[in-house]
Each structure stands twice: as C-alpha cells, then as structure tokens.
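Protein chains in written order, with the numbering used here: chain A, 1 to 315; chain B, 1001 to 1261.
To be clear, the hints were calculated from the coordinates, so they are not data collected in a lab. Check before you lean on any hint, since a few could be wrong.
Sample of chain A residues facing chain B (criterion: CB under 8 angstroms; computed from the structure) [said to hold, decoys possible]: (1) 81; (2) 84; (3) 108; (4) 111.
If the Cβ cut is set under 10 angstroms, some of the chain B residues that face chain A in the computed set are [as the list claims (entries may be wrong)]: (5) 1005; (6) 1088; (7) 1097; (8) 1102; (9) 1103; (10) 1260.
Ideal Cβ placement from N, Cα and C applies to all residues, glycine included.
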Amino acid sequence: MTVQPSSPDSALIHARGLTKLFGDFVAVDGIDFDVAVGESFGFLGPNGAGKTSTMRMIGCVSPITDGTLQVLGHDPRTDGPMIRGRIGVVPQQDTLDTELTVRENLLIYGRYFGLSRAECGRRADELLEFAQLTERAGDQVEPLSGGMKRRLTIARALINEPDLLLLDEPTTGLDPQARHLLWDRLYRLKQRGVTLVLTTHYMDEAEQLCDRLVVMDKAKIVAEGSPRQLIAQYATKEVTELRFPVGVQETLNGQLDGLAERIELLPDRVLLYADDGEAAVAAAHARGLQPETVLVRRSSLEDVFLRLTGRSLVE
Amino acid sequence: MTLMTRVVELRAMQYRRTFRASIFSSFLNPVLFLLAMGVGLGTYVDQSGTATQALGGLSYLQFLAPGLLAATAMQAAAFESTFPIIGGLSWQKTFHAMYATPVSARDIVVGNLAWIAIRLTSIAAIFTIVMALFGAAASPLILLAIPAAVLTGMAFATPIMAFTATQRTMEKFNAVFRFGITPLFLFSGTFFPISNLPDAIEPVAWLSPLWHGVELSRRLALGTIGEDPVQALVHVAILVAIVAVGTWFAYRTVESRLVLG
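Chain A with its partners taken away, still in its complex shape:
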C-alpha cells in the first residue's frame, strides 16, 4: 500500500476517550488504547462488555459518539471508505453468500475493493490454498463445516491484503480441532507481519494469540498488558482448585482462612491463590479438610478476570 498515515504517530489504531452510546445505553465508556504496527492485540471480556461495539467503530461502520479515534492514521468520520479499503474484517457471524460457491465468495469480495477480475482470481486461488479450502472451491457454502466457513471468512477478509485484520470472536462455537487449525492460520498471518486485533472471551485464545490485551468489563477497560504481565500482576503463580462434596463447601465458614494469599469461592469449587500450590494443599489437609478432588494448575487469564470483576468470564 502506498497511502501513508497522516499522523506522525506510529500507532495503527489510536483511541482516547472512545465512547459509544445507543440512546441512553453506554456500550463503550471512554476507553483509551493504542495498537502498534505488527502487534497482535486483544479485547478480552464477557458478552456485552463492549468489545463488538469497539470493533465496529474501528471498522468504520459504526460512528463514534465521543472521543478520538484514528485508524491507520486517519479519522473514520471523514475517511471511512478509504480506511475500510485497507482493513480486513472477520465479523462475529459469518456473512458468507450461500447463493455463491466458495471461490465466488472470494472473487466478488475482491471486486468490492475495486480489484480487477484477474487479480481477484489470482488472490482467491492463493487464499483458498492458505485456508485449506482448495478442494472445496467449487462447492456451495452451506454444507461446509463451521470451521471451514470461518476459514473462508478469514480468507475473504484477506483479499485486499489488509494492513490490519479485525477478528470478532474468531473461534466462538468451533470444536477444539477447528479452533487449533484456525489459531495456526492466524499465527502464520502474525508471522507475516499482519497486525491482528481480536476480541474473545476465551482466555486460552487470548494467551495463544495476543502480544498484548485489554480486559473489558461493563464498557470500560479494567486492565491492560501482555498475558504474562496480567497474570503476574493480578494472580499468583499457581492456583489450587478444591472441590468438596455437595453441600460441604457451605459449611466450611472460616476454615479456609489464611491458606492462601487470596481465596475465591465459586459456586462449585474453591480457588486458592498461592505461589506454591502443593504447599497450600498440604496446609488444607493438615487442617483436616477433605476435598473430593484437588487440582493444582498454573494461573490463567481467567483468574485475572475473576480477580478484576469477581465473576467468571464464561458462564
């Protein structure tokens, strides 16, 4: 691409006080963030946190209500079509054309960017290869599996060779195998230097794909950092999960106090946040506690989220 960002700032996306209102409802409440070139940036949060509204503003399809937003150095309010020409969008819901074949879906999408038919054909074949859909090129879209449709949607978003790829919950609803295949494809894009911005409510996805992320809750950003930084800052090295027989957890009262730096009572289990998980287990046993199952694991972004909001990420 020959178009240069008009601002000296090297940030691909620059947001300050970014706000989106729908009537009285505050979807995005004055958030600040920057995304650098080549970075993989994530919005992590539960449904309704404002992730999709933010993505739609970045994608220049939803006008901002207040604040500043610059995408590729330009203002979405005045340069929407130009910005849209340089980004790729993978929406939450596959918006594929079921009246067309797999390859036709790519061809026509390239035409929307003003590409010639020959160029669309060349890129479509390349992208079919990348999305591992070459054998399905002439098939209708409908019989494809969820994972294939998702890969096709990603391939479609790459037809204009975008500087920035926006992915809204790229793997929601996919089985584990399909998710891993998709992560692999996204990882390759990242290796090629494509800047990725994605939303997710899966912490494993955020840990796999994001260099840096913000945690969103109730329209606000509540934490920011790399997955590792966030875990170090808001959780302990290890987490011990204790599961008691039904009805027992409610009777424990003060018996857990002091077993760990922090204790989280969930409806079905108790989480002990202590750097040494085994020591915490030993201490619990020494007090005569008899959990049904014990699991010592490394802490994850889920724990970060729980710490920040007092709730699980995926209910």
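Fit chain B to the supplied structure of chain A, relying on the hints for placement.
Only chain B this time, still in chain A's reference frame:
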C-alpha cells in the same frame, strides 16, 4: 469510480444459478395470463356489445395485455424489493459484509435498485414479445411501454425497499402483498376500466401508482398516447416523484440498518 456496479455484479452472480428457470417463467407467466383471460375470458367479453363499448371498441385482449404488463412489473418489483433485500440485511447479512469494504450504503441501495430495474426490463421485454405474438400490439409505440412498465415497477420497489430495511423478519411482507399489491392489481384498471367502478371510488384510482402505469402502458401499446399528452406527462411525473422519494427513504433506512449491525 463508483462501486455501485460491483453491487450489480454480485446480484448478477447470484442470479446466474436461477437464470434459465427465471427466463422461462418470465415467458410462461404472460402466456398463461393472456391465454386464460385475454383469449378465454375475452371471447365472452367480446360478444357483449356493452362491454366492447366500455372498452372503447377494443378487444378484451388488447385492453388487458398492456395493463397486465404494468401490473406484472409491479408484482416482480414487490418481490425483488422484499426477499432479496431482507436476505442481504438480516438473514445472510451479505450487505453488511459489503459495507465493511469501501462499498457505501448509497452504493448498496443504488446498486440493488439498478439490478431490480435490469430484472424488470427483461421481464417487461419478454412480456412485450409475448403480447406481440398474441397480436395485442397495436402500435410500434409499445416499445415505450417497456420503460413505462419499469418505471411503474420502480415506483413500488423503492418505497418497499425502504420498508423492508426496517424489518427483521418477513412477517409483515404478507400484509404488503395481501393489502397492498393484490388489491392494486385487481382495482387499478388492469382488468376493467376504472369508469366501471362506483363514481365515489373512481377518483381513488388516482392514488394508485399502478393505475398511472397501466394508463401509460395502455396508451403506448394502443398508440393513443398523443390524444392527451398532458395527462401522460402527469402520469410520468407522479411515478418519477414516487421513485425519487422512495429512493431517498430507502437510502435512509438501509443506511441506519447497516450502521446498527
């Protein structure tokens, strides 16, 4: 460069799958109607002296065919501005996928309307050929009945598209057809002259966009347009005005639907 043409390209790409069946039914529809009503029913009508007098000395087939041409354009326009549009905006959301690219809301509205106009032109042209085969074309001016029918159709397509963009389900489409399209089809001078309506109701026909289209198309097919050119211009002006207002509303509703997601 306008990307509106790329929207037309998409619709053409989608149409390619049903092309043969669609062209065939564009032939079959007028053939069946003109056979059953024009020839079948017409044989009885033409035997009645009072009927022939009311039709101004025309055979029923000659009277009916051009009216039916305009009415057919209306029906096709109503169909084309409901289902494919709600499909793109709410079901498959392909228009939202387009809107994520440099294609604008205006491109999407104008491109779809252009596609509907293309479809209506082919339907009206085929209808006109069938009319000629039935001997229902009295004047070479009938060629101008094709754009007249397209204009009539667009006077329906534009406001109906504006309405469609406000809907998330097809529930209310039935009402559009049942209480809008069907009564207009029956009472806009297509099957009998509106002078046969009760005097109190007769002026109401002026409110029917289809009546203006039927009148235009009939006078062109019969070559009598020159008898009252002012009235013909009024018909055209009214239809053009509806298309202009309808397009503006369609732009507003489609854009707000795209922005809302």
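These are the hints, each one checked on the structure:
| no. | hint | in the structure |
| --- | --- | --- |
| 1 | 81 | 4 angstroms, holds |
| 2 | 84 | 5 angstroms, holds |
| 3 | 108 | 5 angstroms, holds |
| 4 | 111 | 5 angstroms, holds |
| 5 | 1005 | 9 angstroms, holds |
| 6 | 1088 | 9 angstroms, holds |
| 7 | 1097 | 4 angstroms, holds |
| 8 | 1102 | 4 angstroms, holds |
| 9 | 1103 | 5 angstroms, holds |
| 10 | 1260 | 8 angstroms, holds |
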